[in-house]
Each structure stands twice: as C-alpha cells, then as structure tokens.
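Colleague: Heads up: the protein sequence lines correspond to chains P and E, in order. Each residue of the first sequence is one higher than the one before, counting from -4 in my numbering. Each residue of the second sequence is one higher than the one before, counting from 108 in my numbering.
Bear in mind the hints are in silico, worked out from the structure with no lab data behind them. Every value quoted in this text rests on a predicted model; they were computed, and no experiment measured them. Warning: the hint list may mix true and false statements.
With a Cα cut of at most 27 Å, we get these calculated BS3-like pairs of lysine-lysine [what the hints assert, rightly or not]:
(1) K175(E) <-> K225(P)
(2) K380(E) <-> K244(P)
(3) K206(P) <-> K455(P)
(4) K341(E) <-> K319(E)
(5) K335(E) <-> K354(P)
(6) K225(P) <-> K320(E)
(7) K195(P) <-> K175(E)
(8) K320(E) <-> K270(P)
(9) K18(P) <-> K411(E)
(10) K0(P) <-> K18(P)
(11) K270(P) <-> K187(E)
(12) K320(E) <-> K241(E)
(13) K393(E) <-> K354(P)
(14) K172(E) <-> K170(P)
(15) K380(E) <-> K354(P)
(16) K106(P) <-> K51(P)
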Amino acid sequence: MPRRKLIKERVPTPERPVEERVKDFGEVNLGYTFELAQKEAERCIQCPADYAPCIKGCPVHINIPAFIAKIREGDMKGALRVIWNDNVLPAITGRVCPQEDQCEGACVVGKVGDAVDIGKLERFVADYTREKGIDEELFQEMVSNRPERKEKIAVVGAGPAGLTCAGELAKMGYKVTIFEALHKPGGVLMYGIPQFRLPKEILERELDRLKRLGVELRTDHVVGKTITIKELLQEYDAVFIGTGAGTPKLLNIPGILSMRIYSANEFLTRINLMKAYKFPEYDTPVAVGDKIVVIGAGNTAMDAARSALRLGAEVTIAYRRGREDMTARIEEIGHAEEEGVKFEFFLNPIEFISDEEGKVKAVKFMKMRPLEERDSRGKRKIEPTGETVTLEADTVIIAIGLEPNRIITEDCDLETNPDGTFVVDENLMTSTPGVFAGGDAIRGEATVILAMGDGKKAAKSIHEYIQSKKAS
Amino acid sequence: MGSTLKKVSQLLVSKKYLKARASKPGVNKVKHVNKGDACMYRITDKRDLSPIDYFVEVEAPHVAKAWKPGQFVVLMTHEKGERIPMSVYKNDNGRIGMFIRKLGKTSYELYYDFKPGDYIYSFVGPLGKALKIKNYGNVVFASDAVCGQAENYATLRAMKEAGNYTISIQSFENAANVYPEEFLAKPVADEYYLTTDDGSVGMKGHYLDVIKKLIEEDRVDIIFAGGKLGSLAKLAELTRPYGIPTYTTVRQIMVDGTGMCGSCRILYDGKVKFACRDGPMFDAHKVDWEDVLRRDKRFVELEKIAKERYLKSRGVI
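Could you put the whole structure together from the sequences, leaning on the hints where they help?
Modeller: Have a look at this one:
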C-alpha cells in the first residue's frame, strides 16, 4: 500500500446556519455527502483490527477501520454490513454517542491532529444506505433464511435496549412482543432526545423494520400495573426488561414546588412526545417565560436549553462545576453556545424564590470553587465559597439526572440495588430465572449505545437460556 | 405593544411562535378522524349525566382486567391530543366507565366529536396505587365533583363487598346537576346522603356538613373523599382534631402518569411525592394543601386558549 500523508484536519460536516435553525426543530447537522465522507475516510490510518484503539473504545466494538475501508472503496453496503454486525441502529448512535469519550477519544490520528470523525462516518453509512434503499436489501438478505421458533419472548420497554433485544431475537426466529407504557415506542429516543438532534423519522424506520420482522408492539401497557412480570412469565418463555432510567431527580432545596419549575423530563416530554411546541395544533401546552435557567450540564440539559431557546426564550445553563467537567457531548455544548445559550459555572442552586402567586422568579446559588483533588469520575471536587449569587428566572428546568422508575418493581420480587437498578449476573439474568435486564435499568444513567449493547447481549443469553432449557 | 397585551403575552409560550402558528392557514381545523390500527379503543357508551358532566365507557380489556379502586387511567382522544388522567366509575366486561366534566378542550372534544362505536387513540392504566380494601367498619365516601362521584361508587362498591357499613355522601350544586338515579352511589351505600348547595333537591348544604354531623354521632371509622380540591383541604382540617383517618384524591396536572415527569409532585409529610405514582389517594392530614391548590392553576391560561379555540371551531361559542 502506498504511504499516505496524514491529514491532520477534519473534513467538517455541513450544518444549518444558526439564525435559521433556532427558529425550528429541524435537524442541525446535515451530515456528510458521499464525496465528503470519502474524503474524511481517507484520513483513517487503518490500524489493524487486533490493535485498533477505536474498536476497543467502542462499547460494542464495531470494526471501525473495516467499515471506513469500505467507505473508501465506495462499498456502502459492505460498510453497513460491518456496522450491523455489532450495532443495528447506526443512524441513531452516529448521532447520539459521545464519540469523543469512546472511539474518537482513542483514535491514533487524534494524537497528532483531529480524530477521524467516526461518528459522522457511521451516520453517513446509515443515512446513505437508507436513502438509496441499500439497507433494505441487506436487511432482506439477513432475514431471508431465519428459522421459525415457537418460543415467545416479552420485552418490556421500547427504548434502545428493548428495541435492540427484540430485533435480535426476532432475527433468530423467536416470537417477540414489546410492552411499552407510553402511547408511542422509542423510549428516550422518542420523549427525550429532540427532533433537532435525532429526527423521529429515523426511529419510525427502525420500528417499521421490527414490525416486518413480526415483532408485536403493545403500547399503553405499564408493566407492573397493566400486567406484572409474574403474569408475563406464565405466557412467555423469557422476559427482557429494558425500562431505562425514567424518573427525574429533583433538587431537595426550598421552593422546589414553585410553579414553572420543570424536570427536564417533563419539559422534554411535553415538547418531543406531546409536541407542545406545536400548541395549539397539538393539545399539550408548555408554559415558559422569557428568562430560563437550566440546571445541569449533561446532554439532557443541552437538549432542554436548546429546546427552550427555540420557544423564544433567553436561556442560561448553570452548572456547579467548571466547563471542562460538563458531561454533555462536545458537539451539543458547541451547538448550544453557537445558538446563544449562556453558561454560568461554579453555581450550585440553594433556593428557588417565587412571587406572590407562587411562580418562580429567581434562583439563589452558592458560588463554588474547584479543588485540586478529583472524584471517582475524574471530575474536580468543588467546595462552597460562602458567597451567594441570584439569577433572575421566570422558568427553571432541572436536568441533574435520572434514576430507574420503580413502578415495575412494585409487583415483582426481582432483586434490586439501593438505587433501584436490577441486580443481574454476567449473562444479564436477574434473580428470577428467565428474566433478563439491560440498559439504564441495570446501569442507572448510561448511554444509548450501552443500552443497545445490553439488548444484543441479552438476546444471546435468552437464546442460550431457552436452548439449554429445551435440552434438559 | 400595550401594557395589558404585554402582560397577557408573558403568560404564553413564545408569543411570536403562537402568533406565527395562529396565522397559518389550516391550523384552525381541529376535527380529527381516528382510523386504522393506531386507534384501538372503542367507545361503547356515552350518556349525559347533567348539563356539565357525562358518562363514557371505553373497551379496554387490558386495563379493566387489572384495575382496582383508587387507581386511575390516562387517555388520549387522538394523536395530537393530551394525555388526560381520569377517575374510574366501573370496570365491567373489559370496559372502563368514567365520569367526565366538560371543562377543557379534550373533555369537550370527547363529548362533541366522539360517539359510541368511535375509537380513541390511547388508553393506559391502571395507574397509581390501589386502595387497601378491607373491613374498616363504618366507611364514608364523600364527593362534590365529577371525578369524586365516580370514585364514590367505585370505592364503596368494593368496600361493601368487604363487609363494611358504607355511607355515601354526594354533593351537587343544584337539582339540575344531580345525576340520574342509576349513576348515583345509592346501590352500594348502606346509608346515603344527597346534598345540593341551594337545597333544590336532597339536603341543603355540602358533604362537609353531613360529615360534621356523622362525627358528632361518632359513627365514622374512616373517610375517603374526592372532588374539588378546596373542599378536600377543608375536610382535612375538619377531621384532623378528631384523628379520623382521611384519605383523599389529590388530582394534579400530569403528563405521562407513570412517575416519569414529576409534573404532579406534591409536598406530603415534608417530602416531595408524585401523585401519579405514590397516590392519587393520600392521607389528607399530611398533604400541603395550599401548595396543591396553587399548582393546580399552572396552565390555566393555555388551557383556556385550547378550549376556546376548539369551541369556536365547533361553533359553540
């Protein structure tokens, strides 16, 4: 192979101009064209698979150099085949994975210049093959010879973990039924991540594919209420729980019950799932003022801040730590800044102040300062300075994290940890034989890609469990 | 922009946004036709209860099978609709019966646009915690508004089966608002009181007056109540000095109804609780009622916009 010159700079992906995109909820990043993708793919130095740090950095170990090589060859079907080996939802992960902490963070090219834009290349493969119908061809090839099995599996929760698990099991020939509490499937992909970051059509396509695999979807079913795990076990040969982490953490400080204080979950659910930004065409309202403070600095905080901005408000993100300790994807922080979201660091909320009607009018913060010492997650520890500061706000959105929803555990005897996550063994089986769990339901708050990885692993474990039961 | 206009606009989502939408052609068409497999829940019955309330029954075997007194359901009429929590009156033969007040856009829409045989888009439940049904002795259920009237029947029906002496008190504004006999809680009550504010039928007064009398007679072991939040707050104060166990439905604005959004949070015994997940029935003596009453008004302005827009489109106003 001729020696290639290392290109240090990334080929940028086209984005919609700020002035235009803040007026609607359409997607911000437009992704690579064929030519741009091939140009970016040229930057990959093709580390051998047994060494490639990017593969090790990927939670589901996609053979990244291999799919990039296929892009260079112009073989997009081949590229998709490589990705689908480990990840069936690349259009989603290409958009929402924190690549800078995973594959791209490990990229060798990144040591001397910009890391290869693996996320955008992954997304390109998914989008391009979808547009050309190539993904459909490959899909048909993959499912044409699948065996027919009579065993029935129940999947609880139609989010990233559940959808992946259902898809894998259906491909193996099992009869799968997904139970979803909301009226629409998708979980966090539907209610949490906004349209401007993940267009809902992408999700629709994946759901359509599951339907064609024979997966049955029952919405409006709250497992634990409508039907219990015990009842599911009477009808199904195995159960997978992918119920995520859907309960918002709220701040335990004075004034938390003031009006116009939303959990990010409520705010985003109103906007994404219920389409409150189209009120009154859609019936669900969202009442926001002109000055919004968002508390937290993860992806959810960025999503909430940017959604609020699109509703016409002035938005400030307040975070108790410093800039470098923000947990959101770098791309989202960049987009938020470009769009005019303001950032205030080292501010820890201590009180919500409301007017005589009970509506919030300001947030009182303790000013914090960083210490040299770092905590278990590698973030600098902080301590209060004793000085307080008050920010005016007529709406507050709290985005400080989520924990598992305990409704499902009320009516079953599965073993859980103190934080509400399920205890599972190395095969993702819970304390009840035949019941498996994955995603945020076992991890607390993690990522879409890890949830998908769990869904896939659990499908394999369920297959093995059923086969070994049949053998004995 | 004038000062009043400015004041009103402060209440809204982004005013620019709303204005832009309102001027778009076609946006004011609000009639929805529910078709296909997306809308699965058939309306089996719908009847007037009074000029303001109606009864509707929906086929939803998955919910009916699991529902227990104390629990509620959430429904959506169509894909663009809201998720609305509803109290349950009856679950028979895979059907859930509900009492609904014509109050907001969705309740008017369900009344005017849907008839028996039509399908609604979403129906989920049962949600919330079920009441502990056992023999308490003398059980009172008091109600003065639509959701409470439904719960009155549903709860006492189960309490009577559990061997309790059941006392039902149903309060209405006037004779015109009183439900037809067959929808009252009389058949499940060992002792029954009907009151109207103006005395046009039944006793003149409110359920609070009846409860006062029953307490004086020392005939109450436990009280359940539902309906207007203001009355429930008063009830809590009435029974507090006597230490009579009092459980009331704390109706709050909800989105998902499954503990996912925290919209329905209340202050209970000094702690934040979610009405949908930890309730909807709570020990009335531990509820911070002032706060509950305030939070109920959160979306008043926007609710009014949606309702008036709908009623105008129907030519009702």
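Colleague: The structure should be examined with respect to each hint, and the outcome stated for every one.
Modeller: Consistency of the hints with the structure:
no.	hint	in the structure
1	K175(E) <-> K225(P)	18 Å, holds
2	K380(E) <-> K244(P)	12 Å, holds
3	K206(P) <-> K455(P)	20 Å, holds
4	K341(E) <-> K319(E)	12 Å, holds
5	K335(E) <-> K354(P)	22 Å, holds
6	K225(P) <-> K320(E)	47 Å, violated
7	K195(P) <-> K175(E)	36 Å, violated
8	K320(E) <-> K270(P)	50 Å, violated
9	K18(P) <-> K411(E)	26 Å, holds
10	K0(P) <-> K18(P)	42 Å, violated
11	K270(P) <-> K187(E)	8 Å, holds
12	K320(E) <-> K241(E)	25 Å, holds
13	K393(E) <-> K354(P)	23 Å, holds
14	K172(E) <-> K170(P)	24 Å, holds
15	K380(E) <-> K354(P)	20 Å, holds
16	K106(P) <-> K51(P)	16 Å, holds
When each numbered hint is compared with the structure, violations occur for hints 6, 7, 8 and 10.
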